[in-house]
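J.: The chain contents come next:
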Amino acid sequence: MDLKALYREVILDHYKKPRNTAALEHTSIQARCKNPSCGDRVTLSLDLDNGLIKGVCLEGTGCAISQASASMMTMAIKGQSLERAEQILQAFRGMIVQGDPEPQQELLGDLLTLQGVSQLHARVKCALCGWSALEAALEERHGEEVDLELDQSLPRSSAGG
Amino acid sequence: MDLKALYREVILDHYKKPRNTAALEHTSIQARCKNPSCGDRVTLSLDLDNGLIKGVCLEGTGCAISQASASMMTMAIKGQSLERAEQILQAFRGMIVQGDPEPQQELLGDLLTLQGVSQLHARVKCALCGWSALEAALEERHGEEVDLELDQSLPRSSAGG
Amino acid sequence: MDRQLLERTDTGMPTRAVALDIDKIRADFPALKRRVGDFHLAYLDNTAATMKPRQVIEAISEFYSLRPANVHRGIHLLSEESTDAFEAARAKVATLLNAARADEIVFTRNTTEAINMAAFCLAERLKPGDEVLCTALEHHADLIPWQVLRDRKGIELRFAAVRPDGRLDLEDWYSQLSERTKIAAFAMVSNVSGSENPVAEMCAAVRRVGAISLVDAAQGVPHMPVDVQAIGCDLLACSAYKMLAPFGIGALYGRYSLLEQLPPYQTGGSMISSVSLEQTYFAPPPSRFEAGTPAVGDAVGWAAAIDYLQGVGMQALHERELELSRYLHERLSEVPGLKMLGEYYPGKPGIASFGLDCAHPHDIAQFLNEEGVAVRAGHHCAEPLHRALGFDSTVRASLYLYNTEAEVDQLIHALHTVREIFA
Amino acid sequence: MDRQLLERTDTGMPTRAVALDIDKIRADFPALKRRVGDFHLAYLDNTAATMKPRQVIEAISEFYSLRPANVHRGIHLLSEESTDAFEAARAKVATLLNAARADEIVFTRNTTEAINMAAFCLAERLKPGDEVLCTALEHHADLIPWQVLRDRKGIELRFAAVRPDGRLDLEDWYSQLSERTKIAAFAMVSNVSGSENPVAEMCAAVRRVGAISLVDAAQGVPHMPVDVQAIGCDLLACSAYKMLAPFGIGALYGRYSLLEQLPPYQTGGSMISSVSLEQTYFAPPPSRFEAGTPAVGDAVGWAAAIDYLQGVGMQALHERELELSRYLHERLSEVPGLKMLGEYYPGKPGIASFGLDCAHPHDIAQFLNEEGVAVRAGHHCAEPLHRALGFDSTVRASLYLYNTEAEVDQLIHALHTVREIFA
Ligand SMILES: Cc1ncc(COP(=O)(O)O)c(C=O)c1O
Ligand SMILES: Cc1ncc(COP(=O)(O)O)c(C=O)c1O
Ligand code: FES
Ligand code: FES
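Chains as they are written, first to last, in the numbering used here: chain A, 1 to 161; chain B, 1 to 161; chain C, 1 to 423; chain D, 1 to 423.
Hints may contain errors.
[Claimed, not checked] FRET-style restraints, in silico, Cβ to Cβ: (1) 313/C x 21/B: 53 to 59 Å; (2) 207/D x 59/B: 21 to 27 Å; (3) 83/A x 404/D: 55 to 61 Å.
Bear in mind the hints are in silico, worked out from the structure with no lab data behind them. We put the CB at the ideal spot given by N, CA and C, even for glycine.
Please put together the full structure from these sequences, using the hints given.
T.: What follows is the structure in structure tokens.
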């Protein structure tokens, strides 16, 4: 994996210009995630309409990987059904956490460019920060701040693989 | 060091027939020592007369080394002045604990036959049990039971030598 | 012991169903090649600590040669590798114990720390009048922490009795287990009498009264297949160095849903979620219970030891040990004036504690060492058990996968020498 | 930093008074030969853990190959040897710290456990209204245990402030020290700002108010001569793996007359004098504080590490580190957009924490690793210090005896790469 290329071609763009940062007119659900090992944070607001993600707003501070991953996530889920967002979430986790060698292209689209992060074991959590906020939102945990460490989808034993 | 010879020539004799076990008519001071690592014990009673150890009585249970060493001790100190008993005590410790290569023959006499015990690191404490009771008696700690582990004369670091 | 014993098999399976290649195994252990004076070393002090195979020694050397960095997911290569090795060791211990997930394994220094941690973390659930049920055959490590807890929380500490044959008096244990019992702690195998407890059955009974079970498996995990889910225990403690691994590491297994509810034990780095001068939020298990920099190299050595044991096969190892245990007890029974602490029964693990009528245990051990036989003398950190069975101290011989019939013979020969000298 | 600095010497002694033969030293460390991609490894994460020389690795291998038996004075040969090696390690640590006697050294897992033990054992001397004086620049290991103590005993926990230059505000510290202070705990060297405290002077002040001093010397002992009698501390904590030794061992030094008065911490085997089901009598220090089987192999490795360090000479090592520290800080000061946490001063130990205006510390560390430079990113277990100085997290580069000017240059080069990519 070419770290410079990964950053230059994908991450820095979203890090410097995160997408979907404009405040929503209407917020159906808001959830936050904090990575306790560094204090970095993502706040995600969704405007839901009849099972569809009509609008999404991202706020956050943190490393380039966490913020870029969250920014790309907003693009992937905007306009999608809640069901599909859940599928994208699982596919992304499969790629980054389990290191799925054949990630689900159809669901992931541009997110595939983040595949290399799965090899940066110490940064896997960074890439997941926004997604854990999404998970909390999908579970309708309005206003809640989840802790990335508490995230059961991140088995420590996977680190031993 | 020939362990069999040490036991056969010295230790077993005193272990099987400890000397000076007859009760005293008059006891000036009594002190006990317990080795907490095994529970073995020596009780020493002295009949003092004008700075002289007129009579001595030994009671105890324990391993052959502890009981033989105590028995030989009673022979060495009986009839001696308190001062000389103290000197014998120090000489014995020097031989057994510090491993003094040239132990003080004049003070130790027959006790010299126990010199080999200084090489049995785990048994050094055994050889000292009676002597720690003697020390307590010399310090006039009447009726007291001292703990061999507490014995400051037995630096753990010496074990590292 | 009657002659018949030799003809029976201990496990119902044909003897040596899976024969271990003991010569091959012995060749892996450098210390077994040592001599004591003119004698081969016969190492029979396995209950205290086992020897280490070169595979474990090499794994430690390799770790420190290549990736001696701190863990906790540092971003640089060596720290990545060190963290991966550490978490792989956790996963390996989890597999050995058949834990539901790696996060149920908390690394500790040893069994003692695991039990102290459990007692400390469970303390706040107890109120005066509550009971902790212990047994009279525990190692001090599974006894004194409960005394401390008793004195701290004003609870009752009860002890199930030991039978004259060295086994737990199960009837007494059941009679003391009640709704008042909040914690029941007991050994899987006694480190003195060698007798084994029916831990699965006991854990089920503990569950029925709504209490928490803690199994001291220091002498279980090294010697037989252990499945925490099948046993149904809430907590289980063991030490690595008793199973071919380095000193300095052990584990507290805990059911995750229980661990989650427990407060931390030691506090400091790497067990926190956030810290201010005023307040601290703690991380989830197992991090919550692992303050400070862990014993990474020792964990790596433990993983290599588990690989080695699993290569041999825990069931095969266990059967071989039972076979040699039978031989050990049989030969001991032929020594005149020898008094066993507890009785042999078919299937009894390879731990035998005894005295001789003519000599003190420490003198016996001294002469055994002269003939190359390594055993322990003393109360083996189980004073109450010794007293209950009328001993001050004993000599203990104990077996592991590399021991042989010839080493047992060497022990017996040396015991006869002791008799000659002392009798 | 001004140019003059380079011309001054940090210690008043001529630079390189005792030159270390760094090439020769480096040859002893197998991990330093590793490469990361196309780059040589530049290991600058020494505050987290140091590399291990082959002398230490071989000492561990030798121990486990020849005498892997349990300690506590077993009577057989291997246990004798193992016990001797363990107690020799204790004596060696005592010599390194110039303790009055070997029994003042209690072996622990690490600094964290040493401080937890101290806080626990001192608890019963405290009553509501008593104060513990800590500082805002402590590692979490020297902070959270005191918070726990505060909550448990209802005492006051006070914090001396940190100055903007990263050093302890001594004036504030003195103003908070009073007759109400019962314990004062402070670091010898901050693991983030790298600044050093005048510990001897502080301990004298603590003694004057009748309180107990605890020095967190995790970053002191590895890097300079430390003399507990000259410092006059009551307690001092350190970790072995930060000074060339294995993970899994550390020490609490305690003045013997204080240790004698303290209750035990963990309980179990080998720390008792006698045990019945009802009551237990505890052994004197240090045994009283070392329950269960200790990390013997790690202790043996520590002894070998101390031999190695004393062979180099602690004073020579210290001077060399100060020299390289000056170079490190000077080169860092040339990097545009770099913001130091704290300020350099002549004689500042070789720990430098900083941020860049264009990139997040974790991204910086990621790119540094790409060029073979190993550093830490984060709050380094000192969140309050970071917050006090206006940082969320930093990149930390830290030095030890084997580091070179060329490795500092490699760091600087990599930082420029980061700037290119992010700016
Ligand atoms: C049954 C049992 N429990 C507990 C222990 C204590 O183990 P450790 O010293 O490793 O803490 C032992 C060790 O001999 C043991 O055999
Ligand atoms: C100043 C200081 N105190 C305490 C600690 C904690 O040390 P350990 O993790 O070895 O317990 C560290 C480790 O980085 C430290 O630097
Ligand atoms: S470093 Fe904090 S999320 Fe990446
Ligand atoms: S074994 Fe107890 S004194 Fe010798």
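J.: Take the hints in turn and mark each one as holding or not.
T.: Status of the hints after comparison with the structure:
Under the hint 53 to 59 Å, the C-beta atoms of residue 313/C and residue 21/B, about 58 Å apart, fit the expected range. In this structure, residue 207/D and residue 59/B break the distance hint of 21 to 27 Å, their C-beta atoms being roughly 47 Å apart. Distance hint check for residue 83/A and residue 404/D: the Cβ-Cβ separation is about 58 Å, which falls inside the suggested range of 55 to 61 Å.
In summary, the structure is inconsistent with hint 2 from the numbered list given earlier, while agreeing with all the others.
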